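J.: For reference, the chains in residue letters:
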Amino acid sequence: MRKLTSKTIRNAIRDNAIFIVVLLLIIITAFIEPSFITWDNLLNILRQNATIGIVACGMTYCIIAGLFDLSVGSIVSLSGVIVILSINAGVPDYLAVGYGLLAGIAVGVINGTLVSLINGRSGEAFIITYGMQVVVAAIALFPSNGLFIAGRVKPGIFMSMGQGMTPIIIFLSLAAIMQFILVKTRYGRQLCYIGSNISAANMSGIRVKPNRISYFAISGLMSGIAAIVLCSRVTSSNPTAGLGYEMDAIAGIVVGGTSMSGGSGSVFRTVLGIIIIGIMSNALNILGITAYHQQVVKGLLIIAAVSMDIWNKRIKVREIANEKAYIG
Amino acid sequence: MNEFVLEMKGITKTFPGVVALDQVSFSVKRGEVHALVGENGAGKSTLMKILNGVYQANHGEIWLDGQKVHLSNIKDAQSKGISIIFQEFNLINTLSVAENIFLGRYNDEKLINWKEVRTEAKRLLESLGFSFDVNRIVGKLSTAEKQLVEIAKALSFQAKLIVMDEPTSSLTKTEEEMLFGIIRKLKENNITTIYISHKLEEVFRICDTVTILRDGKVIDVKPVKEIMRNEIIEKMVGRTIDMDYPKRNVQFGEIVLDIKQLNRGRLLHDISFQLRKGEILGIAGLVGSGRTELAETLFGAEKADSGEINVFGKRVVLRSTRDGQMNSIGMLTEDRKETGLVLPFTVARNITITNLKEVTSNLLLSGRKEKKVAEKYIEALNIKTPSTNQPLMNLSGGNQQKVVLAKWLFSNADLLILDEPTRGIDVGAKYEFYCMMNDLVAQGKSIIMISSELPEVLGMSDRILVMHNGMIKGELMGLQMTAENVMQLAID
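Respectively, the protein sequence lines represent chains A and B. Here the working numbering is used: position 123 in the first sequence is 126, and no number is missing along the way. Here the working numbering is used: position 237 in the second sequence is 412, and no number is missing along the way.
Since the hints were derived computationally from the structure, they do not count as laboratory data. Since the structure is predicted, the reported quantities are computational estimates derived from the model, not experimental observations. Any given hint could be a false lead.
As the list claims (entries may be wrong) - Anything over 10 Å on all C-beta distances counts as not near chain A; from chain B, calculated:
no., residue
1, G206
2, L270
3, G314
4, T318
5, S372
6, E401
7, N405
8, N424
9, R439
10, R451
11, K547
12, E628
13, L633
14, Q663
Claimed, not checked - Okay, the calculated bits of chain B under chain A, using three or more residues with CB under 8 Å as the criterion:
no., segment
15, 486–498
16, 507–518
17, 521–535
Note that CB positions come from ideal geometry on N, CA and C, so glycine has one too.
Work out the full structure: start from the sequences and follow the hints.
T.: Right, dumping it as structure tokens:
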């Protein structure tokens with residue numbers, strides 16, 4: 004067991020600095036407006052952030068693998084359009100949902116194949132998925148000429164997915180499953196090896212290419228699920244619904260503390276990151292801060308999170324260097 | 176003036192729980208090439224870090240040119256004429272040679288006089304005997320050329336003392352000669368070199384004096400002319416090593432690998448050979464002769480265009496490293512940091528990487544099983560680590576290399592391809608590694624060993640293939656295995 008020394012306490016504070024700041028914000032807000040900490044408000048925050056949370060969980064695998072997926076927002080738009088159009092065309096619910104998910108997986112597989120073909124790293128993945136984002140966003144606009152599509156939704160599986168507690172349950176259970184796979188299975192461990200040192204993973208007999216394609220496929224699938232939850236909630240689809248999702252997802256991942264350099268991270272922390280951003284906007288709303296000002300705070304929070312990550316890493320490297328000096 | 180350019184007197188440096196340097200006195204005469212040797216962990220790096228101002232000694236004094244100095248950081252040391260060239264260069268790959276030499280101190284005026292910077296850079300390189308286009312981008316230079324730029328950079332600081340840490344570790348034979356030429360040139364200009372190396376051949380070729388460190392103490396200081404190679408080794412390791420290469424007596428078994436007319440692009444032509452059970456097959460040749468390319472193809476990391484690979488009498492097609500692994504082939508790569516290991520991960524996780532299935536129960540990874548496996552190999556291979564959870568980057572080179580070997584033993588590889596297995600590890604660890612190789616072939620495994628160190632190839636192999644231009648130029652056995660024969664075939 005690790006001894007509770009001042010050093011370990013200091014490390015714990017450093018690793019969780021963002022959480023501490025937000026905790027302070029919560030306390031202050033709660034003093035000013037007691038209704039802030041009620042179950043209703045908390046559930047509301049979770050419900051509002053469930054879709055973006057699902058997307059962020061999917062993208063977490065890509066980030067741990069040392070990759071990027073910027074196409075998620077466009078996938079949310081496209082999958083949503085496909086589901087609502089299918090339902091309006093009289094396709095049964097489960098099939099419509101299936102089409103939406105397939106579209107997400109398909110875009111992911113294309114992303115992954117392209118990145119794998121050129122043996123790309125995060126930089127190439129960034130550009131390729133950005134290209135896909137543009138293409139897929141345009142495709143989502145074709146069917147309705149960019150207009151909003153009202154869904155003729157009947158009660159059923161699809162309708163229930165966006166109602167009441169369901170989005171929250173979907174979000175948290177998917178996150179739990181992904182975290183479990185990441186930590187407890189071979190697939191998850193290989194993901195970490197590939198993210199930390201892809202050459203060493205390859206030279207250790209790990210099938211790098213198919214694995215990397217699967218991370219994009221999962222990211223696409225999760226975006227498809229998010230689209231379904233979103234469309235079900237509003238019983239319609241907006242072909243630009245996913246605009247900006249990719250950045251919000253990355254923000255959640257970074258604030259949660261998963262490193263952009265790959266090799267380590269956690270879906271659990273992504274969930275925390277998303278909730279923190281959600282709670283923060285909600286608190287700022289309650290405190291009467293305008294949306295524009297809120298954007299400033301959010302931006303600063305993201306910058307702080309990344310800086311902290313780099314800073315922590317540097318301290319750790321220095322500690323290791325010192326340790327090494329007295330080992331050898 | 177005093178004849179010593181540097182005197183470090185009674186240097187003691189402690190880290191929590193460990194005395195890294197104990198009353199070390201280290202004196203270097205002006206204009207000499209002074210070798211500093213010792214096993215990893217003997218205290219060489221710590222001593223050099225004190226000289227560089229990175230660490231401060233707890234006790235002791237540093238005298239430069241007969242004056243007592245205090246070195247508080249790297250810049251301070253540089254301004255006093257001490258430059259250290261590390262194995263990993265401090266150069267910016269995207270900038271030109273001239274920019275790198277004068278990085279950050281082009282001149283005092285607001286605008287940079289590029290012409291002057293270039294002329295000065297050119298002059299420095301010429302003083303080392305090289306005419307060089309100083310506009311070339313550093314990233315496109317060879318390792319040897321980068322080293323040259325580092326030395327020119329040191330000269331631009333008016334260095335009177337240059338420390339070279341393992342300078343030949345990634346140089347070819349010709350480049351090595353070039354470096355020795357430079358060192359002699361420095362000597363002519365009365366610039367002193369401290370030469371840190373594991374390769375004792377080099378110490379005898381280029382150095383005047385040798386200081387031997389062991390366990391943080393100076394064991395001996397002697398002119399190189401007055402000491403024998405074995406004496407240095409004994410003093411470094413503190414025990415007698417009867418021979419550099421342990422003997423073995425292994426009966427060969429059936430043919431385990433049969434390669435027929437293998438071709439791969441312009442890199443490999445018409446490669447055919449066989450390997451028997453229990454055999455160590457050495458592959459010699461110059462850097463770039465196709466040795467590593469052959470190893471990659473045999474492991475499945477790269478695909479052959481044509482030809483046959485038969486493993487245990489069965490024809491196989493290797494499309495990926497996974498295929499290689501499934502056919503019980505393992506490969507220790509030449510660059511363990513880049514392609515051999517996941518350095519931030521623990522010892523345990525680096526061993527189980529090749530065979531996670533073995534530490535899985537009911538589809539879930541078992542931390543308990545993983546720990547057991549790691550403990551087994553730590554004991555079997557005598558890996559020095561505080562625990563199975565130690566991040567690999569904290570281990571010494573020799574122990575890291577043992578972990579790479581462990582991961583292939585864990586994947587049950589019967590055919591091990593070792594590419595430069597002892598690069599950058601110290602004498603004691605090397606000997607241990609050779610003994611392990613002997614144990615492995617005695618257990619019925621077969622080894623293909625690629626090495627640039629001729630004595631190692633000659634000492635360890637049962638048979639040697641010499642490569643040149645992607646072809647097998649010749650095969651040497653028994654009494655034919657001499658350095659002359661190998662070099663003759665390797666050079667063309």
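J.: Under the constraints set out in the numbered hints, which ones does this structure not fulfil?
T.: none
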